[in-house]
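What follows is the residue order along each chain.
2 protein chains.
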Amino acid sequence: MTVETVTAAVLVIGDEILSGRTKDKNIGYIAEYLTQLGIDVREVRVVPDVEEEIVTALNALRHRYTYVFTTGGIGPTHDDITADSVAKAFGVDISEDPRVIALMAPRYKPGEFNAARRRMARIPHGADLVANKVSVAPGFMIGNVIIMAGVPAVMQTMLDDVTPRLKTGTKMLMETIDAAGLAEGTYGGPLGDIAAAHTGATIGSYPSFLDGKFSNQIVVRSKDAQVLAAAVADVHAMIARLNAARAAG
Amino acid sequence: MTVETVTAAVLVIGDEILSGRTKDKNIGYIAEYLTQLGIDVREVRVVPDVEEEIVTALNALRHRYTYVFTTGGIGPTHDDITADSVAKAFGVDISEDPRVIALMAPRYKPGEFNAARRRMARIPHGADLVANKVSVAPGFMIGNVIIMAGVPAVMQTMLDDVTPRLKTGTKMLMETIDAAGLAEGTYGGPLGDIAAAHTGATIGSYPSFLDGKFSNQIVVRSKDAQVLAAAVADVHAMIARLNAARAAG
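Protein chains in written order, with my numbering: chain X, 1 to 249; chain Y, 1 to 249.
None of these hints come from the bench; they were simulated from the model. Careful, some of the hints might be misleading.
Below are the DSS-like pairs computed for lysine-lysine, each with C-alpha atoms no more than 30 Å apart in a straight line [said to hold, decoys possible]:
1. K23(Y) <-> K213(X)
2. K133(X) <-> K213(Y)
3. K25(Y) <-> K23(X)
4. K25(X) <-> K213(Y)
5. K133(Y) <-> K23(Y)
6. K133(X) <-> K171(X)
7. K88(Y) <-> K23(Y)
8. K167(Y) <-> K23(X)
9. K23(Y) <-> K133(X)
10. K23(X) <-> K213(Y)
Using the sequences and the accompanying hints, generate a full structural model.
See below:
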């Protein structure tokens, strides 16, 4: 089969994540969302609210992946420096965007559309807007970079809005198989053999620890349904074999 | 005052985080833990189970920060390639470590300490062990890099174990001030002035969106208690002034 690969990185911008003050909820959401679309997330970075760090990370990522999705730093306060940093990374000017002014101005009473709020209308030149269905002030897309809010509810509406504009690749198919009480160390050897035999699939083994006990899941991923099915069948057979051996004692 | 700065990066290793299959719980925990110790987390990266990616990220981070903490990829299955990748990054050999064999061997019945489980005893030469109080197979510390498990309960015991070996810096002090119903756009201007006037403090404004409403918190951070207190006082005065204006309004 022909596999189309579209890749992405996520760049989380915010001191509050690095200090642990705010626990990020966007990485997992975006990763799952893009995977389901057929966009493979290959890397995530979290950087502080420091222009040089944002510019460096953004330039490293945008040249390497099909898309970069950023979260955070587009509000009305002094620590919201994402839009300016993005303009710097792309080497373009930034100024108040009349499209954003037109969206935002009617929302405020006379005198309330102040300088702080107008900061949210500063958009790098050449960017397209990304709608915010919660609180109007938009994100934007410039080149292959999508700039979104950090507040999860707002970010999620922006992701929905930009989705029709994204090219997508062959979807990664995924099947999860419960290891049925087998220890990772018990199936590690044969699972490695199965992984080596099915090079078109990626096989992972994921332990969880709950109430003092480990339980394991085996995840098989492939973009080819036949390759997936063959690897999954081998994993099921392996589990049956090991459990029979265990029962036999 | 004399400020000692000790920095860290977190490197999360695992396809399952990038696919969204597993929602990371370690980044926030480690960030909060290290911040409280007096170690400033400056960057986080998430990379897949691909040796070249792990080596590249690890080498970028370990030369830049005092410490790098990794999570994931040290179990007994074929996709656990962190220890070998770390050895490669450091250019050292890796083999079964007699200290780990001595820890692990007594835990298994005859014949059960198989090749897969012995993979967990592979430790890069020159590393010190980091104890795992949940399931024995240890993490390790080599140079300035601490290698921990991905399962949160296990990772947390490793972090506790390594803590006495870490140098720590001046603790970042942090105060959170509720914005008392004020909109970010209302206080964005004056808060920026306060931030500019207190260069020894970092001030952030963090909106949350819950039940259809935004609420905002202002976080002031500094390593100097006097600087912190002065900035916090100015923020409180600003909120009182803006709320009085609103009431008069």
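Each hint tested on the structure:
no. : hint                : in the structure
1   : K23(Y) <-> K213(X)  : holds (19 Å)
2   : K133(X) <-> K213(Y) : holds (13 Å)
3   : K25(Y) <-> K23(X)   : holds (9 Å)
4   : K25(X) <-> K213(Y)  : holds (18 Å)
5   : K133(Y) <-> K23(Y)  : holds (23 Å)
6   : K133(X) <-> K171(X) : holds (28 Å)
7   : K88(Y) <-> K23(Y)   : holds (28 Å)
8   : K167(Y) <-> K23(X)  : holds (25 Å)
9   : K23(Y) <-> K133(X)  : holds (25 Å)
10  : K23(X) <-> K213(Y)  : holds (19 Å)
Checked against the numbered hints above, the structure breaks none of them.
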